[in-house]
Structures are given as structure tokens and as C-alpha cells.
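Undergrad: Chains as they are written, first to last, in my numbering: chain A, 44 to 353; chain B, 44 to 353; chain C, 44 to 353; chain D, 44 to 353.
Any given hint could be a false lead.
[What the hints assert, rightly or not] Some chain D residues close to chain A (C-beta under 8 Å, calculated; not the full set): (1) P193; (2) M227; (3) A255; (4) F293; (5) Q296; (6) L299.
[As the list claims (entries may be wrong)] For lysine-lysine, the following PhoX-like pairs were computed, each having C-alpha atoms within a straight-line distance of at most 20 Å: (7) C:K87 - C:K345; (8) A:K138 - B:K111; (9) C:K164 - D:K164; (10) B:K164 - A:K164; (11) B:K54 - B:K122; (12) A:K282 - D:K282; (13) C:K304 - C:K294; (14) B:K87 - B:K122; (15) D:K138 - C:K111; (16) D:K54 - D:K111.
[Said to hold, decoys possible] Computed spacing ranges between beta-carbons, pair by pair: (17) A:T167 - C:S166: 18 to 28 Å; (18) A:K211 - B:T290: 49 to 59 Å; (19) C:S341 - B:T290: 38 to 48 Å.
Source of the hints: derived by calculation from the structure; they are not laboratory data.
Just so you know, even glycine gets a beta-carbon here, dropped at the ideal spot from N, CA and C.
There are 4 protein chains.
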Amino acid sequence: MSAMAPAALEKLTGLVAATFTPFTTQGEINLSEIGPYIDYLTEKQGINSIFVNGTTGESMSLSVTERKILAEEWCKKAKGKMDQVIVHVGCMSLKDSQELASHAAQIGADAIAVIAPSFFKPSTADVLKTFLQEVALVAPTLPFYYYHIPAVTGVNVPVRDVLEDIEKLIPSFRGVKFSGSDLMDFGQCVSYSQPHWSVLYGMDEQLLAALAMGAHGAVGSTYNYAGCHVNKLILAFEKGDLVQARTIQFKMQELLSYATKLGFDLGVNKQLMNELSGLCLGSPRLPVMPCPHAQALSIAQKYHSIFPEQ
Amino acid sequence: MSAMAPAALEKLTGLVAATFTPFTTQGEINLSEIGPYIDYLTEKQGINSIFVNGTTGESMSLSVTERKILAEEWCKKAKGKMDQVIVHVGCMSLKDSQELASHAAQIGADAIAVIAPSFFKPSTADVLKTFLQEVALVAPTLPFYYYHIPAVTGVNVPVRDVLEDIEKLIPSFRGVKFSGSDLMDFGQCVSYSQPHWSVLYGMDEQLLAALAMGAHGAVGSTYNYAGCHVNKLILAFEKGDLVQARTIQFKMQELLSYATKLGFDLGVNKQLMNELSGLCLGSPRLPVMPCPHAQALSIAQKYHSIFPEQ
Amino acid sequence: MSAMAPAALEKLTGLVAATFTPFTTQGEINLSEIGPYIDYLTEKQGINSIFVNGTTGESMSLSVTERKILAEEWCKKAKGKMDQVIVHVGCMSLKDSQELASHAAQIGADAIAVIAPSFFKPSTADVLKTFLQEVALVAPTLPFYYYHIPAVTGVNVPVRDVLEDIEKLIPSFRGVKFSGSDLMDFGQCVSYSQPHWSVLYGMDEQLLAALAMGAHGAVGSTYNYAGCHVNKLILAFEKGDLVQARTIQFKMQELLSYATKLGFDLGVNKQLMNELSGLCLGSPRLPVMPCPHAQALSIAQKYHSIFPEQ
Amino acid sequence: MSAMAPAALEKLTGLVAATFTPFTTQGEINLSEIGPYIDYLTEKQGINSIFVNGTTGESMSLSVTERKILAEEWCKKAKGKMDQVIVHVGCMSLKDSQELASHAAQIGADAIAVIAPSFFKPSTADVLKTFLQEVALVAPTLPFYYYHIPAVTGVNVPVRDVLEDIEKLIPSFRGVKFSGSDLMDFGQCVSYSQPHWSVLYGMDEQLLAALAMGAHGAVGSTYNYAGCHVNKLILAFEKGDLVQARTIQFKMQELLSYATKLGFDLGVNKQLMNELSGLCLGSPRLPVMPCPHAQALSIAQKYHSIFPEQ
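Bound conformation, chain A alone:
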């Protein structure tokens, strides 16, 4: 998190880890693990920006109060260590989102992000934009990202339509976390994007495809434990070494495919992080189920066999 200059001036690029929320064994939020978590990301994974209280962070399973406490701790502990902390403030309820956006501004978050509400689904790009605008209005100085993840929300509005003239509605607009497989829509977002926007890709298993299409960076949960490898993928891509980039991407796909066959949900993902990082992030909250130890262990072993270097 930059200390002096307005974060708005730095364009967000590279890898961003979508963080898990640490819980105690009693299932309460566990602030004490946040500091070590940040150190792990910077020191072991080469990760310099985080997206907190998102899907990976189980935000929809948290109360508004818990989200505030977590956001505050993430910002505090990231200070001087992370480039940017993006706080996800999207909720089903506009009122709750506004409360969190306003709070994010107070605690010095670098940016906020908002997912489409998914219980009542916006029927058009205009409705969605109006909803996003109402959130952005209470934190007008914070860089604003739209978070698109149609497989989870069921909201399939083309992002390109959301971007159309969006700075007229949201002057603080700065980009998109695009977690979808429609790369025509993605490409058009890149093509339309302003120089100070970041079009970030969110399906870790096919990042290379999005890089080819012009992605400026990526946000994902696997970068918590495989950021060190994916950083090499990006480096290879930037040097024009597609063969090397592809090799790393295929390894990630092999890992994720293996995990998928065993059953790979957020609970498994979290336990895999515990195994690989040594952190104690606990189990997920209901309705996400905890992962049997053996299952996470098996995936961790696969990880080590695919990436023996680390």
C-alpha cells in the first residue's frame, strides 16, 4: 500500500492474490494470521497486491461488522509491504455495500471492488451500472473496480456494455476483475479500456489466453500458493517466450484438473493453502464445507510433483 502518492496514480498490473479469510478453530475471524499471511505472499510468492473480502475471502458468509474489521486489519498490516489493497465491498444489499465502501475510504484502502448482486439480478447493463454508481458515490475518491464472475452470480451482462461511458457515472472507475470465459467480451474490454484502467483476468486456469488478449494483470485464489510460478509465466510471456509460458500454464492446468477430479471447491482450496503455506487459516464457514485432510494433502503432493523446484 503506497504511503504517500495517491494510489489512483499507479496502474494495477501483475498478480493480485484473492485472499482467504483466516478463521479460528471456533469459526471466528482470526486477525492474528493476517500479518504472517501478508509476509508469506510477499516473501514466498512474490505477490504485491491483494484483493480482500472477495469470493475467496467468503465475504458473503461474513457479517458487515466482520468485513469491516477484516478490511481494516488487511490495510493496516499491508502498509509498507503491499502495493495495493483492493477491498471488495459488494453485497446483496446496496445499503450494506455503501456502508462498506464508506468504511473502506476511512481506513485507507487503495481501491474498492463491487460484484454484481446475485439474488435479485440486474436485468440490463444500465441497471447494473446504476447499482455500481450508487456504491461508488459514497467513496468517490477511491479507485473503483467492477467484479464480473457470471458462473457464480448468474449475471451475464456483457462487461463491455458495463464499461460504455462508465466514467460519466463513476469518475473513479479504474477497471475490471473479469472472471469469465467469454474472451470476446474480455478482448473488447481491453480494446475499449482507458490508459489508466486495469483489465484484470480472474480465471487462473487460462490466464495465458487472457494475456494474449491483452490482460493487464490477474486476480485469483491460486496466486496465494502458486504466485511464484505464475509470475514466471507472466515474465516469459512478456519476453515473448510463449513456449515457456505455455509450459507453466499447462502445469497449472494439470494441478487444477487433478484437484477438480477429486472435488475442488472453496473449502478444498483453503485447506490446500493451509497445507502449502503452513499458515493456519482454518476451515471455511457453512455452507462451504471443510475439506478432508487427506484430500488437500493429495493435491499438495501433486503440486510438489508438478513444481519440484520449490
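Mind docking chains B, C and D on chain A? Use the hints.
TA: Relative to the frame of chain A, chains B, C and D by itself:
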């Protein structure tokens, strides 16, 4: 709301209105309209039980605090006028649901209901049952209903599987609001149901089908303004006059089909209620959009042409 | 199949069995089993009309030539034994459908039925109606039925919209096989239907719901082996004995639910018919897989425990 | 179509046009347009291989006889002009597919391709592989391609699972036409592919993404009229000029997005081809609807404004 006897002893039957949440023109909750609303339902529609803070009530667009205030007011104003007030306490977050369930017990609600969480979706009946149990545990004396609405939540776990041995987990279990079109699952719920349970149907447009399958009652939004007609449908059905029951059902279908062709979402439904009842329930909250006046008026006119008697 | 009077004059009611196609052990069509099959249906199941070469008959896995040979044999063997033989002539290709429709007229079928093409899906009711009309035109004297089964075809055009003024396009139109769960659409079809039309329901597991909504009859695969029981359901319904009708419907649901949990596809269904009837209808064709003997046997045992009377 | 060497020895790469089927104004197949069509593709679009009787070719709307006649004419006219003619022989019916595969071998097709049957859907990779094997068996010397297009067929079996040990079942197996957006599955297919296989991508609007992932070539309908531009995209990609490749991809996306907003189905696509090529391919067959002239003209104008160079 029964004054003396435990509500648990009365089996819920007949029509239950899923109430809209009244808002002011500024978009804040409007408690002053709740009293007149209850009078309208009892006096004009013959409705004696209500399901508050559900989907129709835009609960997911409300903050937890707003839901508490509303629940309290509904219970207070319903006292002596309504047979039962079921307070829906389902949220994406288990913590929030527990807080609302505990509050419902304190304010004297007759029952609580819980929808399946839909952002993170329970993958099996067992996971869903564990989630429901965790909510029920904090309000063990309140009759408990599961609210099934797969088209909205995307949670398609067969309800019959949820019911299996559920009283071992939730001794206060009392029934289901079944808002789905799978009448095999519905029939099996009726067949399996205990004498003190209520299996209530929630797709107003095909209630007659569910009655034939053994529904004990119905919960729906259209009973807010068409309860008087649907009460006659139920009466005809109970007397064995299927022709008359069918005639009324077909009229409801004609109305809803007309509305659907114009575009019929919760915002339209709410404005239609305003038109037909004369109440001032306001507009919905984002992301549900307000309904153009002309559209609701057109549906209201259709209503009057289909049901000229009232 | 009526010998003298034009079939068009008799309104189709009651149960219609959607027949399986008999195959030899080599996977070729087996005409020799058709005679015994018809006898079994009339004598053991009380079934007097059949729907051949439909989904249950694996029509889409047959060549046009095979469908012709089968249709001819069904009509020949049904003569004097069955009231009506409806030959399904729907194909992906309009040309093929027309060839089969023309052939059905030549062989003396009582009626034809056409499913919506599902590879290229009609985008509107008008497109679908035009397609149906083009088929009907080559067999203008044959009663024509539209076959609606959206879960299989993915064509979700409301049937009520298909029916609108359809006799202007298809003077021979006589009804619908409605195999969907949208009973609002179904009810509106019943409400709109002309006196000489038959609105037939096709989801066996919830027939009672459709009867309440006014169904004139039913077409289904389970009537091949459970027609004798479902005939009693219909009789009870017609006498106003809903409790008895419901009891039988619940038994059918118990059976089908049991089968579903074991895995219930067309291959299982066919083998179950072999077990229960003693006929030798063979295995299905790829891509439908044959059913392990033990699985069909287990469902057959369940059948006998649920319906011990037979 | 190579004259001497067995086609099997040449690995299929580059662009392959999925051809439209020419119809007369009476809606019959129009063989006379096939010669000029091939000349147009080679001379104006730089296309040297074709995929005939596929989805773009409306194969499912053709009779088996028509498909044979067409396949024969395509092969005859392509001789000496095209590198490879892949004849798609997939049908709903295995019998029909086998008849077409056998015929393709007789007429000297360079390869055959088979889509997953979509009325009865294979439930697992093994079932699908068995189906494909049964087709391949009747034309064992012809290179065999699996055609994956889940959005159309609804068959979502991971292609990587289909490829597993497939040469044991189908020794003539040579590759995949992958028309899906799951680039993890696609990447794993590339990673697993044998040197003599071709993993071809089929979503024209995001080809660049697939190239980054290692695609060996592409099959699509837009290469009929935009092959000349997409050839430049591939050339730029191969030279490592991602900026130029992206520029062309974005132009294609702009065109297709424009068309999509106007309504872009196979009928529109075919009429657009007529406009841009000057060929007379006629209208599509029901249930695909013909395209209003003005709509195709508008898209053609967009094409010329985006690609002024041609």
C-alpha cells in the same frame, strides 16, 4: 398471531401472503404503512397469515437492522389480527441468519423460515440441513420452515431429501414453502410429511396442481391482491368442484401470463399491488427497478376485466 | 386403430403408451416382438392407444427407413386391437419429417406427432409453427399433434403461443403431448383448447397435477408397465376420489424416485420393461447405454413391493 | 485435396473454412455453386482446407442422401485446389453416421469428423468414445476428428477425457475441432496431443487466445469471408507480433459483436457470406430462418468499414 396458545399447536393452512416491504419515496423502510397493509389483507383479501421479509419483501436488499425493525413492526401490528406471522430470516451469511432468528424469537414471531444460501450453494442435502440446523438452534422454540425456491437460488437439492429425518436435527421443524415446479418432489414431501407439518406451495400460477397433490396451503405474492379470488379456488377445490377451481386458476394464469408478456418482475408486482390496494408501498430498491406507472396500470386493468366482481 | 370411421372423429383420451422399439440382440429392429407387445399392452395394462417412434422409441437413433418399417408394423399389428396409433415423425431435418409424415398417411396411421427440432432450435413460436406446418402439409388428412418436451429439446417456446390460431396454419391440428413442468402454460393450453383437441400430459410422475388442471389424457413410457395402476388413478380422479388418486400417484413417485437414485435413463427404463413384461425388447442403441441386469431387477422388485396386487 | 500422398501424413494446420451448404431458391441443394465457392475460398480468402456438412453446413437439416451428394461434389471440385476436405458425418443416429463415414471413404474424403449426438446425450467420456469408435470402425483408413461444440450439443464431457488413450479405440484418430470456451480443457488437449494430431479451435471470436494456448489451426464459419484477415492474424502471431495479432482479433470481435447486437444466427451468417462473396448460396432451411436483406447488408457495411483494405 395467537395471543395465548403456543403457535406451534396450530397447523398452518390456507393462504399466506408473502408481503412486500413498504418504502418511503426516499427509499427508506416505511413502518407506518404496515398497519393499513395488515388491515387490507384481512379485510379485503381474507388473508390471515403472512410471510414477511421473504423474496417478495426484498429481504436480501435490506440490512440486518432494517429486517429486525420490520419484523418487529409486522409482529406488533399483526397481533390479534393475523393467525400467524412467519418471519423469514435466511441470509447469505449464517451469522446474520442466526442473529435474525434469535431476534425473531424475542419479538414473538410465530415461526421462522430459512431459504437456502445462494452465493455459496450447499452441494448436498446434508450440507443444507446442517446450515438450516445451525440457524434453528438459536431459536429452538420457534416453528421452523424451509423455503425452497430453486429458480432463484439455483439450489436444486430435492426437498424430500432435506426432510429425511429432519426432526432429529431440527425438533422445531414444521414444514416447507415449496416454490418449485417439480411436483414429484412436492408429492413425496406431502407423502412423507408428519401430521403437524405444513407443506405449502409457492408457485401461485399453478396452485391447483399442488392442491391435487395434497398441498396444505400456499404462500405467495399474488395473494396480496388476489387472495379473495384464490380463497374461492381453495373452497371450490375442497368441495370437490374442480371445474370452478379450474376456472379461477385459469383466470389467474391469464392475468399472470398477460403480466409476463409485458415484463413481470418484483418491481412490477409491487407497483401492481400499489395500484390494486391503494396502499403506498413505494418503489423497490436497486437492483430491482421501479415499474413504469403505465405498465402496472395496464395489468391492473386486466385484473379488473378478468375479475369484474370485485 | 379404428377400422371404419375416420380416426379424426374420436377424441384421444385416457392413457397412451409411448412404446419402446424392439431390437434384436444384434441391435437391429425386431418386428416379431411388436405383435406380442401390443397384446401385452391391451391385455395386461389396459392400454388402447400407442405413441410410436417417439423419444421412448429411440426414434432419433433410427434411420428413416427403419422408422418407416416400424411404423408400418405397429399400424398393421394394432389394427382391430388399438384405438389409435400415433406415429411420431419428427426429425432434425424437415425433409426427413416430411418423408415420414407422407409415409404415415400411406400406411393408415391414426395421427402423427412432431417434436421441435433441437439441433437448430426454433427461436420463436412463429418459426416453430412454420416448421410444424411444413410437415403437416404433406399429410393434410392426418390428425396432427405437437410434441413438447423442453428438457430434452431445449426448445422452451410456450405451447400456448404455438396453439394461437394454429388451425389456420394446420387445419388437421388435434392436440399436444405436453411433457413439461410449466403447468401455467399447460393450463392455458387446456383453457384455449378446442373441443376436438386433446391436451395430453407427458410427465408420468406428476400426472395427477395435470389432471386437476384439465388434462384430457396422458402419454408416457411408464404406462407400458404401470398402465394398469395409472388407469385406476384416472378412474379415481374421475370419480372425485382424490385421496385414492393421490395414493396411486405417490406410489408411482416412490417407484420413479427409487429408480432415479439408482440412475434412470432410457436404457434402464427399457430393461425394466423387459423385466416386468417378459417381452424381449432388447437393449437400446448407442449413445443410450444398456442397463446392468441387476439394476433393472432391483427396480422391478421395488415395483412389485409397491404394487403387490399384480 | 492431395492427389498422391495419403492425406494422413499431412498434419492439418492453419485456417479451415466450415462451409455453408448452397441451396437453390427452391430450397434444394445447389451443386453448381460449389466450384465457384471453392475458387472464392482459395483465391480471395487464402483458405486451403474445408470442413463440409458441419454445423455451418446445416447438416442436421439435410437428408442422408443429400449429405452424400454434397460430400461427393465438395471432394470432386476440391481436387487439386484444396489441401484437405474434412467431411463431417455426425448424425443423431449411429447408423446414419456409419453410412456417411463409409461413403466418405469411398469418395476419397481426406478425413471425417463426428459431433457428439445431442438428442440422446452420451453421459460419460466412455460412452461418447464408444459411439465415436463405432463410426470410425467403418472407415478405418480415414483420419478421424472429434467435433466438440457443447453450447450447441449440450454435451459437456471434457475433451481431454475423450482423448485419453483414444488411439487404442480409434487408430485413425487425428484431432479435434474444439468449439468451446473452456481453455483449460483445450490447453490440456494441446498438452496431451500426439505430434500427428491437430488440435483445432472453433470459436473464431477468440482464436488468438487459443493460439497462445497452442492451437494448431482453426475451423470456423467466419473464415469463409474473413479468412484473408485472420490469415494475417496467424502470421503476426507466428512472428511474435502480438500487438498486430491482437489488433486484427479486436477487429473481428468488433464485427461479430456488432452482428450479435443485430441478431446473429446461421441464417444471418449465410446471408452475410452471400453479400460479401457475391456467391449465391441461397437461404437456410427451416428451422433456421432466412435473414432480412437489410440486416446482412448492415453487417457487410460494418465489415467494409472495419476492414477497408479489401
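Undergrad: Hint by hint, say whether it matches the structure.
TA: How the hints compare with the structure:
Taking 8 Å as the C-beta cut-off, the interface hint given for D:P193 is violated, the closest approach to chain A being about 12 Å. Evaluation of the D:M227 hint against chain A yields a held restraint, the C-beta minimum of about 4 Å falling below 8 Å. With a cut of 8 Å, the hint placing D:A255 at the interface with chain A holds, because the nearest CB-to-CB distance is about 3 Å. Nearest Cβ of chain A to the Cβ of D:F293: about 4 Å, under the 8 Å cut. The hint holds.
Hint status for D:Q296: holds, given a least beta-carbon distance of 5 Å to chain A, under 8 Å. The beta carbon of D:L299 is positioned within 8 Å of a beta carbon in chain A (closest approach about 7 Å), and the interface hint is therefore held. Proximity of C:K87 to C:K345 is assessed by CA-CA distance (about 19 Å); at most 20 Å being required, the pair is judged to hold. Of the supplied pair hints, the one linking A:K138 and B:K111 holds, its CA atoms being roughly 15 Å apart against a limit of 20 Å.
Between C:K164 and D:K164 the CA atoms are separated by roughly 16 Å; this keeps the pair inside 20 Å, and the hint holds. A threshold of 20 Å between alpha carbons decides the hint, and for B:K164 with A:K164 the separation of about 16 Å falls inside it, so the pair holds. Proximity of B:K54 to B:K122 is assessed by CA-CA distance (about 18 Å); at most 20 Å being required, the pair is judged to hold. Taken as a hint, the A:K282 and D:K282 pair is honoured in the structure, with Cα atoms around 14 Å apart against an allowance of 20 Å.
Proposed proximity of C:K304 and C:K294 is supported: the alpha carbons are some 16 Å apart, at most 20 Å. Between the alpha carbons of B:K87 and B:K122 the distance comes to roughly 18 Å, so the proposed pair stays at or under 20 Å and holds. Restraint check for D:K138 and C:K111: satisfied, since their Cα atoms lie roughly 15 Å apart, inside the 20 Å limit. The hinted pair formed by D:K54 and D:K111 fails the criterion: a straight-line CA distance of about 25 Å is larger than 20 Å.
The hint said 18 to 28 Å for the Cβ distance between A:T167 and C:S166, and at roughly 20 Å that hint holds. For A:K211 and B:T290, the hinted distance range of 49 to 59 Å is satisfied, since their beta carbons lie about 53 Å from each other. Checking the proposed 38 to 48 Å range against C:S341 and B:T290 shows it holds: the Cβ atoms sit about 45 Å from each other.
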